[in-house]
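**Student:** Top line first, the protein sequences correspond to chains Z and W. Residue numbers for the first sequence follow our numbering, beginning at 12 and rising by one. Residue numbers for the second sequence follow our numbering, beginning at 12 and rising by one.
To be clear, the hints were calculated from the coordinates, so they are not data collected in a lab.
Heads up, the list lumps identical chains together, so a pair's fine if it works in one copy or across two of them.
Below, computed lysine-lysine pairings styled on DSS-like, alpha-carbon distance capped at 30 Å:
#, residue 1, residue 2
1, 104, 255
2, 309, 299
3, 262, 104
4, 62, 310
5, 255, 300
Protein chains: 2
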Amino acid sequence: MKFAVVGTGVIGSGWITRMLAHGHQVIATDPSEGAYERMLSQVKQNWPYAKELGMSECASLDNLTFTESLAEAVKDADHIQENVPEIEELKDKVLTEIDFYARPDATIGSSTSGIMPSELQQNLKHPERFVVAHPFHPVYILPLVEIVAGQNTSEATSVAAEKIYESIGMDVLHVRHEIEGHIADRLMEALWREALHIVNDGIATTEEVDKAFTHAAGLRYAQYGPFMTFHLAGGEGGMRHMLKQFGPALKKPWTKLVAPELTQDLYDSVVEGCETSSQDYSMSDLDKKRNEFLVKVKKLAEEYWPEDTPQMKKSTGQSVN
Amino acid sequence: MKFAVVGTGVIGSGWITRMLAHGHQVIATDPSEGAYERMLSQVKQNWPYAKELGMSECASLDNLTFTESLAEAVKDADHIQENVPEIEELKDKVLTEIDFYARPDATIGSSTSGIMPSELQQNLKHPERFVVAHPFHPVYILPLVEIVAGQNTSEATSVAAEKIYESIGMDVLHVRHEIEGHIADRLMEALWREALHIVNDGIATTEEVDKAFTHAAGLRYAQYGPFMTFHLAGGEGGMRHMLKQFGPALKKPWTKLVAPELTQDLYDSVVEGCETSSQDYSMSDLDKKRNEFLVKVKKLAEEYWPEDTPQMKKSTGQSVN
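Bound conformation, chain Z alone (with noise of 0.2 Å):
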């Protein structure tokens, strides 16, 4: 396949490394100074990790060219991945040029981390071809993909996205519905929210913040979202126990976001939803899944931890008075 890519930051660079990796052709464009090479330096950073994750036997750096013409890079793509920066008025203004440029068959994937397909898509020609497909950084090693259509996307197209996504080794999400955040975004907003109120109100230090994090629930997440996590706390009795157990702190001061009600439906989407990714595993099979994989990543966490710096063991000191 032959990928377009506009606009070559941070994210921009993690798709290049991705697409090459898997054994595709790239065509890269960025208006700005400087951008090829820092491009390139970046990709050549990130190769040794892509390498090590596994790459087609095709995967070569040659198959990378860059051009200052975005029409250039678009005009033969069969997709076209555009990673600007997060100003609507740009995207807008970019994706309308990819638009006019691109052949009409080609798809087209924005990285946006917030904003809702339809809003994108509204001024283009084409706009069935288009999805929000955003990534997480860095692109090249975490495998996430969040695919969200527009009310204009077509039917077809998330179907291909799907595809072009898997082939570059992603693991895809379809958001069902379209909401500025997407999914994934919206569960980190959230944490970082309350991590700077609670900075802000003094409670703790960043760095404070970040150990209670790293050195107890973090270490769960990598293997169990939020709903498994508290599913396995729950004792034989999973989810339904933990509900019971800890519904009502929904209704306490623990963050500063208002909870929903606890309505029966509620109740019921989130216990089924626990008991079928448990599929027909045991509580103490998921238990044991769960230790084994805890020993080890904390063993790993442990090598890559930052030290405790002398500042944060003098005011941890202090924090007793």
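Using the hints provided, position chain W relative to the given structure of chain Z.
**Tutor:** For chain W alone, kept in the frame of chain Z given last:
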């Protein structure tokens, strides 16, 4: 040291495993029917994982005693850990009893997830020897303990508590000011509430939310918390650049949580905190450290992720309509 553990459910059994694994004596007590057998079976299940993480030479299950009498359990203990259900009246009652029977020089830690220490110590004769010491499930693997002093906790107790929990292999985080949910659970609760909203609003199923987390941000959080993650996403400019680029997102509807104002003070705390955490590492050193870790943790997680279920595949396919 002689530990007493009051309440031997999932958390209590976790503490017992950790205390025994570090070579201490433990007397456990719990009034519920069949508590002893359940606890013993759990501790035996936990034992191999504690062993894998490294045990003291004197570690032995023989150092564990169980009694139905709370008075008997606590009277000779150096430190008492309370883990009864998260109901304030019940905690009050049990802590008053512990306080009554314990040696006046014994320290008392409560595992409460959310209640503030000043609330819990108000009816104690010796409130000065009481702290909240909040662990994370599974207690015998995850190293963090949040120590929170109440208004009447003595400094000597906070210092002693740090030594006690370090003697059982834990990483202590002193919380500077008491607050409902302490630090780590506030972060988790924000994430959890946003996740519930997403399911409640029909944006995604629990399985999709979990996947959105584990296949992207969740892989990063075992190493770096929310602040360092964003610091590293900012390229050479680090957090300074991130706040410039994504600061405005604080005003956008990317989560249901209202953000604090990004004042100059908050900006400075966040930027300087990240720079302190970075120590003498350059951005490119930090990037390298992160990439090495991520490649390893991704390979590890792939072995332990639940497989996509057929139902998940099906619902994913439908969502493009």
